[in-house]
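The sequence shown lines up with residues 1 to 627 when you count with the UniProt record's numbering.
Don't take each hint at face value.
[Said to hold, decoys possible] When the alpha-carbon atoms are kept at most 20 Å apart in a straight line, the in silico SDA-like pairs for lysine to any residue are as follows:
| id | residue 1 | residue 2 |
| --- | --- | --- |
| 1 | Lys87 | Asn57 |
| 2 | Lys465 | Thr488 |
| 3 | Lys92 | Asp43 |
| 4 | Lys526 | Ser199 |
| 5 | Lys526 | Asp198 |
| 6 | Lys68 | Ser94 |
| 7 | Lys92 | Tyr106 |
| 8 | Lys68 | Gln83 |
| 9 | Lys86 | Val54 |
[As the list claims (entries may be wrong)] Cβ pair distances, simulated, as ranges:
| id | residue 1 | residue 2 | range |
| --- | --- | --- | --- |
| 10 | Ala255 | Asp34 | 19 to 29 Å |
| 11 | Asp34 | Glu436 | 38 to 48 Å |
| 12 | Asp462 | Glu303 | 17 to 27 Å |
| 13 | Lys417 | Glu169 | 47 to 57 Å |
| 14 | Lys417 | Asn192 | 25 to 35 Å |
| 15 | Lys417 | Gly259 | 26 to 36 Å |
| 16 | Val287 | His443 | 18 to 28 Å |
| 17 | Asp34 | Arg278 | 29 to 39 Å |
| 18 | Glu66 | Asp462 | 40 to 50 Å |
| 19 | Lys68 | Lys331 | 25 to 35 Å |
| 20 | Val209 | Ala466 | 21 to 31 Å |
| 21 | Thr16 | Pro506 | 44 to 54 Å |
| 22 | Cys437 | Leu38 | 43 to 53 Å |
| 23 | Pro227 | Ala466 | 31 to 41 Å |
Please keep in mind that the hints were generated in silico from the structure rather than gathered at the bench.
All residues carry an ideal CB built from backbone N, CA and C; glycine is no exception.
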Amino acid sequence: MCGILAVLGCSDDSQTKRARVLELSRRLKHRGPDWSGLYQHGDCYLAHQRLAVVDPNSGDQPLFNEDKSVAVTVNGEIYNHEQLRKKLVNHKFSSGSDCDVIAHLYEEYGEDFVDMLDGIFSFVLLDARDNSFIVARDAIGITSLYIGWGLDGSIWVSSELKGLNDACEQFESFPPGHMYTSKSRGLRRWYNPPWFSDSIPSVPFDPFVLRHALENAVIKRLMTDFPFGVLLSGGLDSSLITSITARYLAATKAAKHGGKLHSFCIGLEGSPDLKAAREVADYLGTVHHEFHFTVQDGIDAIEDVIYHIETYDVTTIRASTPMFLMARKIKSLGVKMLISGEGADEVFGGYLYFHKAPNKEEFHRETCRKIKALHQYDCLRANKATSAWGLEVRVPFLDKEFLNVAMSIDPKSKMIKKDEGRIEKWVLRKAFDDEECPYLPKHILYRQKEQFSDGVGYSWIDGLKAHAADRVSDKMMVNASCIFPHNTPKTKEAYYYRMIFERFFPQNSARLTVPGGASVACSTAKAVEWDVAWKNNLDPSGRAALGVHLSAYAMGVCYENFVRAFYSKIKFSYDDDSLTFIFVSSFVMGGDVDIFVSFFARHLSIPNKGDGNSYGGWPILSGPYLT
């Protein structure tokens with residue numbers, strides 16, 4: 001991703017001001033290490049830090065129309081630029097850059113051209129003829145953008161907070177799907193899809209229509225003049241994106257950068273993602289790169305992560321850290337662009353808490369709430385964790401045309417119904433369940449959802465919590481609401497992240513850019529109301545979805561505490577062959593004796609002999625023996 005910075009209508013057009021704009025623009029250099037550009041017209045400045053992915057020889061920015069009366073600085077990719085050029089037959093382009101169409105579209109269609117763009121973008125367009133300007137951000141907010149106001153009446157626009165946070169009196173996140181025009185001096189929404197309304201969609205689920213829409217979304221993103229790859233965690237979303245890319249790569253322009261597709265994964269040693277990703281890569285025949293990190297590696301990177309991601313949201317930081325570490329490794333291999341699977345969980349209700357959706361209406365409304373908030377969470381993570389190392393990430397699941405198809409499906413088909421064999425994201429799985437020409441192995445196609453911060457290894461989150469506990473005292477937590485009255489940290493982990501964020505971004509406007517509110521397993525605050533038990537277990541990890549996740553840690557804590565209490569009350573001796581049974585109460589935790597026995601055996605330090613009996617090799621006698 002590139003970095004843009006614009007200062008519009010400032011009171012100072014001196015060399016000192018120009019130098020200041022250049023200084024602030026350099027804070028975004030990590031986003032665009034390939035070239036820098038600055039255009040000044042009177043009291044307006046457009047700065048650009050370029051990451052060259054398409055047409056590296058002639059696509060430097062800012063870009064102009066034929067007589068240079070219209071200038072534009074852009075961060076993004078316009079996937080339909082070739083089709084748009086055909087509509088502009090009377091225009092001459094200065095480069096082959098996909099973003100070169102923007103200034104010419106403005107000349108031809110005025111402000112209404114923005115909806116014609118199919119891609120990801122944030123841009124500032126300056127019309128020197130009347131000194132007017134337009135600021136716009138893509139539909140979902142895949143690219144990051146902020147707007148601020150100076151005391152001198154100037155308006156500032158930046159790809160990241162750090163480009164304007166200490167130069168503006170007030171600033172905020174620029175809303176996705178909106179544009180700001182100097183003529184109206186206000187925001188207006190340009191993206192108004194049917195699913196934005198309160199009506200519940202009713203289109204019957206057609207697996208072939210959904211499949212075709214996602215394949216098209218992937219194919220259009222295979223547009224690059226540099227080596228690229230796919231992020232492959234081994235979960236459903238990234239595996240499907242990898243499978244589609246591998247299937248259609250040969251017929252695209254991106255194929256010229258090597259015969260085989262490269263895939264990338266990161267995790268702790270023995271993590272669920274590493275194993276699943278390797279299996280998918282072997283099945284699809286990708287050149288797979290597996291990166292390992294330790295909990296300490298992640299902890300050491302936390303400050304850098306918060307500086308680059310610009311948030312104190314717990315789940316975003318948890319997931320951003322391994323992605324940040326992986327992006328650095330990937331960049332060292334010469335890759336510039338990545339395809340990733342963000343967005344599917346929001347579109348299809350893939351988070352585990354959706355198991356508790358009370359009806360199809362609430363299910364659909366929650367997916368809408370989640371998509372509209374993506375720019376504050378997963379899009380922010382994917383964009384900034386990769387941009388920190390000069391990489392660009394593209395997300396087919398958030399394609400505008402694909403969203404129109406997926407969000408028009410009757411949510412009754414998306415509902416999770418265990419008794420009918422329908423797990424989370426069932427419609428997506430069903431659309432790609434092809435017996436004749438399989439996209440994925442069945443057990444991968446129907447693998448349970450793992451959030452990225454969980455899938456890289458469960459001890460990652462546990463390690464973060466332990467590290468925060470060492471640095472935030474109980475006394476500090478008592479005064480948390482006084483120190484941080486807005487979005488008061490509820491845990492030591494949250495408090496720890498907040499301290500770091502405030503050191504980098506101390507302004508009140510900065511802290512207001514970060515969302516808050518109750519959440520369980522990445523839910524919105526509204527969805528917490530679906531299950532009364534969740535109110536006492538507010539944690540963004542997927543394992544917090546009690547009674548849903550196969551490794552729900554909160555349930556595990558209950559088991560472990562129970563075992564510890566039980567073990568402290570009993571004394572007996574045994575040798576390798578003398579232990580013949582463990583009494584397990586049939587009422588304990590719904591009778592999930594396998595997890596109980598696992599904890600019990602661990603606390604007894606008993607080796608699992610794995611002799612083929614029930615529950616991990618241990619003979620079990622169930623009954624109401626414990627009280």
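Hints versus structure:
1. Lys87 - Asn57: Violated, at roughly 24 Å.
2. Lys465 - Thr488: At roughly 17 Å apart (the allowed maximum being 20 Å), Thr488 and Lys465 satisfy the hint.
3. Lys92 - Asp43: Violated, at about 28 Å.
4. Lys526 - Ser199: holds, 18 Å
5. Lys526 - Asp198: holds, 16 Å
6. Lys68 - Ser94: holds, 11 Å
7. Lys92 - Tyr106: holds, 14 Å
8. Lys68 - Gln83: Answer violated: Lys68 to Gln83 is near 23 Å, above 20 Å.
9. Lys86 - Val54: holds, 18 Å
10. Ala255 - Asp34: 19 to 29 Å: For Asp34 against Ala255, whose Cβ atoms are near 23 Å apart, the range 19 to 29 Å holds.
11. Asp34 - Glu436: 38 to 48 Å: For Asp34 and Glu436 the Cβ distance comes to about 44 Å; the hint holds.
12. Asp462 - Glu303: 17 to 27 Å: holds, 20 Å
13. Lys417 - Glu169: 47 to 57 Å: With Cβ atoms ~53 Å apart, the hint holds.
14. Lys417 - Asn192: 25 to 35 Å: The hint (25 to 35 Å, Cβ to Cβ) holds, given that Lys417 and Asn192 are roughly 32 Å apart.
15. Lys417 - Gly259: 26 to 36 Å: Because 43 Å falls outside the window, the suggested range is violated.
16. Val287 - His443: 18 to 28 Å: holds, 23 Å
17. Asp34 - Arg278: 29 to 39 Å: Given a distance of about 33 Å, which is inside 29 to 39 Å, the answer is holds.
18. Glu66 - Asp462: 40 to 50 Å: For Asp462 against Glu66, whose Cβ atoms are near 60 Å apart, the range 40 to 50 Å is violated.
19. Lys68 - Lys331: 25 to 35 Å: holds, 34 Å
20. Val209 - Ala466: 21 to 31 Å: Given range 21 to 31 Å: violated, Cβ gap about 48 Å.
21. Thr16 - Pro506: 44 to 54 Å: violated, 25 Å
22. Cys437 - Leu38: 43 to 53 Å: Taking Cβ atoms as reference, Cys437 and Leu38 lie about 52 Å apart, which means the hint holds.
23. Pro227 - Ala466: 31 to 41 Å: holds, 39 Å
In summary, the numbered hints that this structure violates are 1, 3, 8, 15, 18, 20, 21.
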